[in-house]
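A.B. asks: Here's the letter readout for the chains.
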Amino acid sequence: MYVIVIGGGKVGYYLSKHLLDRGYEVTLIEKDPRRAEVLNSVLGEIVMVGDGDEMAFLATTGMERADVVVAVTGDDEDNLVALQLAKERFKVPRTIARVNNPANVSIFKMLGVDEAVSATEVLLGALEPKIGGQ
Amino acid sequence: MKLVIVGCGRVGAMAAVALSRAGHQVTVVDVNRRAFDRLGSDFTGEMILGNGIDEDVLRQAGIETADGFASLTNGDNRNIMAAQIAREIFKVPRVITRIYDPMREDVYRELGLDTVCPTLSGAKAIHAMLKE
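Read top to bottom, the protein sequences are chains A and B. If you read the first sequence in our numbering, its first letter stands for residue 4, the second for the next number, and so on. If you read the second sequence in our numbering, its first letter stands for residue 7, the second for the next number, and so on.
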């Protein structure tokens with residue numbers, strides 16, 4: 004199983020680390036070269052420096068054979084476009100996005116992203132008393 | 007016509023002023039309050055402070071009843087996302103988006119967005135002038 008993670012912030016780092024631990028083949032895409040260097044030294048040469056929305060660069064990541072692409076940058080619009088390109092141009096079967104604005108969970112799904120996860124929504128769910136709970 | 011313009015930079019502001027003068031009801035959205043200065047003091051349209059990819063901000067700008075929409079911020083991805091929200095979620099009849107990157111413009115034009123690519127049109131114009 005080949006997974007491409009776009010965005011090497013904290014979420015991208017921990018996600019890649021756990022995927023590697025579980026035996027997945029992982030490529031992590033990070034646009035800042037200095038951050039990429041740090042990530043490479045701790046994760047072991049799985050990081051590629053480039054933009055998640057640059058077609059020419061994406062072609063060099065082997066995206067056409069990826070089983071899943073996960074976009075976890077801090078910008079919803081960048082995650083959306085990266086995943087739409089993955090679907091449209093590279094026919095990636097499964098795309099997953101991190102979204103900041105909870106309203107974008109349903110918007111992303113309408114715009115063709117397979118799954119969208121909002122930390123804000125998860126936190127709200129944890130805060131609010133469970134319906135039918137004790 | 008009721009028109010919503012996201013991005014009050016040079017192009018957004020100029021389009022907003024011209025359309026407003028032509029008698030259209032124009033609402034401009036920008037994240038930066040100072041960007042509205044470009045509209046001049048005689049601008050009669052509405053100004054909404056906020057992010058053009060935020061559904062709630064777009065509702066506030068009257069997108070639900072808009073006849074036309076243009077996303078003209080300096081971010082390609084932001085423009086693409088705003089245009090798709092206008093088209094797919096709010097079913098605005100006429101949606102135009104500016105995309106600087108010709109490759110991304112190609113993808114989204116194929117997906118059905120009405121796009122303007124200043125990089126391509128600029129390069130073509132310069133090419134034609136140099137050939138003369």
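No wet-lab data here; the hints were simulated from the structure. Hints are supplied without guarantee of correctness; some may be wrong.
Unchecked claim - Here are the simulated DSSO-like cross-link-like pairs (lysine-lysine), alpha carbons at most 27 Å apart as the crow flies:
1) A:K34 / A:K13
2) A:K90 / B:K8
3) A:K20 / A:K94
4) A:K112 / A:K34
5) A:K90 / A:K34
6) B:K97 / A:K112
Unchecked claim - Derived contacts from chain A toward chain B, CB cut-off under 7 Å, selection only:
7) V52
8) D54
9) M58
10) A62
11) E80
12) L83
13) E91
Virtual Cβ for every residue (Gly too), placed ideally from N, Cα, C.
A.B. asks: Hint by hint, say whether it matches the structure.
C.D. replies: How the hints compare with the structure:
1. A:K34 / A:K13: The hint holds at about 14 Å.
2. A:K90 / B:K8: Roughly 34 Å separates the two Cα atoms, so the pair is violated.
3. A:K20 / A:K94: With a Cα-Cα distance of about 25 Å, the restraint between A:K20 and A:K94 holds, given a limit of 27 Å.
4. A:K112 / A:K34: Holds - the C-alpha atoms of A:K34 and A:K112 are around 26 Å apart, at most 27 Å.
5. A:K90 / A:K34: Satisfied, since the Cα-Cα distance of roughly 21 Å is no more than 27 Å.
6. B:K97 / A:K112: Since the Cα atoms of B:K97 and A:K112 sit roughly 16 Å apart, the hinted pair holds (cutoff 27 Å).
7. V52: violated, 18 Å
8. D54: violated, 10 Å
9. M58: holds, 5 Å
10. A62: violated, 11 Å
11. E80: At 4 Å from the nearest chain B Cβ, A:E80 passes the 7 Å test, so the hint holds.
12. L83: Result: holds, 5 Å to nearest chain B Cβ.
13. E91: holds, 6 Å
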